[in-house]
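Asker: Count the sequence shown with mature numbering (1 follows the signal peptide of the UniProt record, and there is no 0) and you get residues -21 to -1, 1 to 412, in order.
Keep in mind the hints are simulated off the structure, nothing from the lab. Incorrect hints may appear among the rest.
To be verified - Quick list of the computed label-pair ranges, beta carbon to beta carbon:
1) 253 - 300: 19 to 27 angstroms
2) 338 - 300: 37 to 45 angstroms
3) 119 - 72: 23 to 31 angstroms
4) 235 - 360: 53 to 61 angstroms
As the list claims (entries may be wrong) - Cut-off 30 angstroms, straight-line C-alpha distance, at most; resulting in silico cross-link-like pairs (DSSO-like, lysine-lysine):
5) 212 - 342
6) 93 - 185
7) 342 - 191
Built from N, CA and C at the ideal position, the CB exists for glycine as well.
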Amino acid sequence: MYKKINLLGIVCLCWLSFAQAQTENSPYSRYGLGDVVPGQNMLNRGMGGVSAAYYDFNTVNFINPASYGRLQATTLDLGVEMVSRTLRANNPARKYNSYSPNISYIQLAFPLKKGGGWGLNLGLRPITRINYKIGQGERMYLGTPGDTFDISTLYEGNGGSYEAHIGTGVAITRDLTVGVNIGYTFGSKDYSTRKAILDTLAYYYKSNHETKTNFGGAMLNAGIQYTARLDKKNWLRFGAYGNLEAKYKGHRDIIRETFEYNSNSGAPQTIDSVYTEKDISGDVTYPASFGAGVIFDRLGKWQIGVDYAQQQWNNYQFFGNKDSVQNSWQLKIGAQLTPSGGKSYWNFVSYRAGFQFGQDYIKVDGDLPTWTLSAGIGFPMRKPAYTNQFSVINTVFEFGRRGDNKSLVRESFFRVGIGLSLSDIWFQKYKYD
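Turn these sequences into a full structure, and let the hints guide you.
Answerer: Here it is in structure tokens:
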């Protein structure tokens, strides 16, 4: 336990430096609170994101805290991924590729009762990411034929939001569990617009208009799961979860300045502050969301399930202003197969596949349809038949798209994720010869 907590702390300290290595560039992250990242663990992402009704005794399903009531093993779950993104613009025709390593989540869960029935989880994960850098050139006319000058504009944004939570789940009966996560959501938005006048006989300083915002506040979500036992081997699992609308407190700085790029480092260097306003208070309204699903479980062999999720982004506000957003929804379908027979290692490997589609919450020049195709494999580190350790390496491969041929910018992405789930049975009495 002590070693696991130390590892959790080390990974948390490394999070910032890891995030700084990102080279991701997504122009749609300019809107709302940025790009919403996948919210499930690697196991559930391999099943297309199906998670509302999913549980097992050593999986940290933080989307539905009711699943904590099924925990029987202490589990440290760490997820990382590599994202390859391709942007295609129609007018004019352009293409851009970017690559980004990300930490997806850190979770530490353990049972509070022998044999399960009550569990606790501590977690940290990103909710959204803001990463874009877009250049634009334009020619300005002064009214006299031939009297023109060129302007170069650089739009840049960084930031995102994160969630730190503690949650518990309890089995009310053998088949019914409920759970809740409480915690703190925090984040930042840093947007800048830099302009430079080019190709003129006179020299002009470059201008920078920048807005920096930090925000944070309490979060709460809850979930419920119920298992209907059709017979000894066939079960139907039902699940639902919801996140309340939240209002976060924010503070904003507005900067208007002239600058030049440092000749050595290339970083912007302020020459004169034209206008500055510090510590402006405001609120961020984060929308409510809910999800529900069902899984048919052929006990010990395979599961197939479907989820539906929705988020009320029409209610989103940032310092009193709305944005180019709308309510989003996703329909998810997925399955998992574990042979579970014989002594071969491969009989304990889990195979997963899934598909999801829906409507993105960002609305710029029309709706943005989305879809993702996923596949995953769970490799146990040891055969469970011979040990009380149930550590698993969960892999996932996802290919998807946001937007279509009608969209101003169409995004295609390929994600490779690895989840390291380190588990051990508590309350186990060891004997030594």
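Asker: Decide, hint by hint, whether the structure agrees.
Answerer: Verification of the supplied hints:
1. 253 - 300: 19 to 27 angstroms: holds (23 angstroms)
2. 338 - 300: 37 to 45 angstroms: violated (22 angstroms)
3. 119 - 72: 23 to 31 angstroms: Holds, at about 25 angstroms.
4. 235 - 360: 53 to 61 angstroms: Given range 53 to 61 angstroms: holds, Cβ gap about 56 angstroms.
5. 212 - 342: violated (46 angstroms)
6. 93 - 185: violated (66 angstroms)
7. 342 - 191: holds (23 angstroms)
Taken one by one, the earlier hints fail for this structure at numbers 2, 5 and 6, listed in ascending order.
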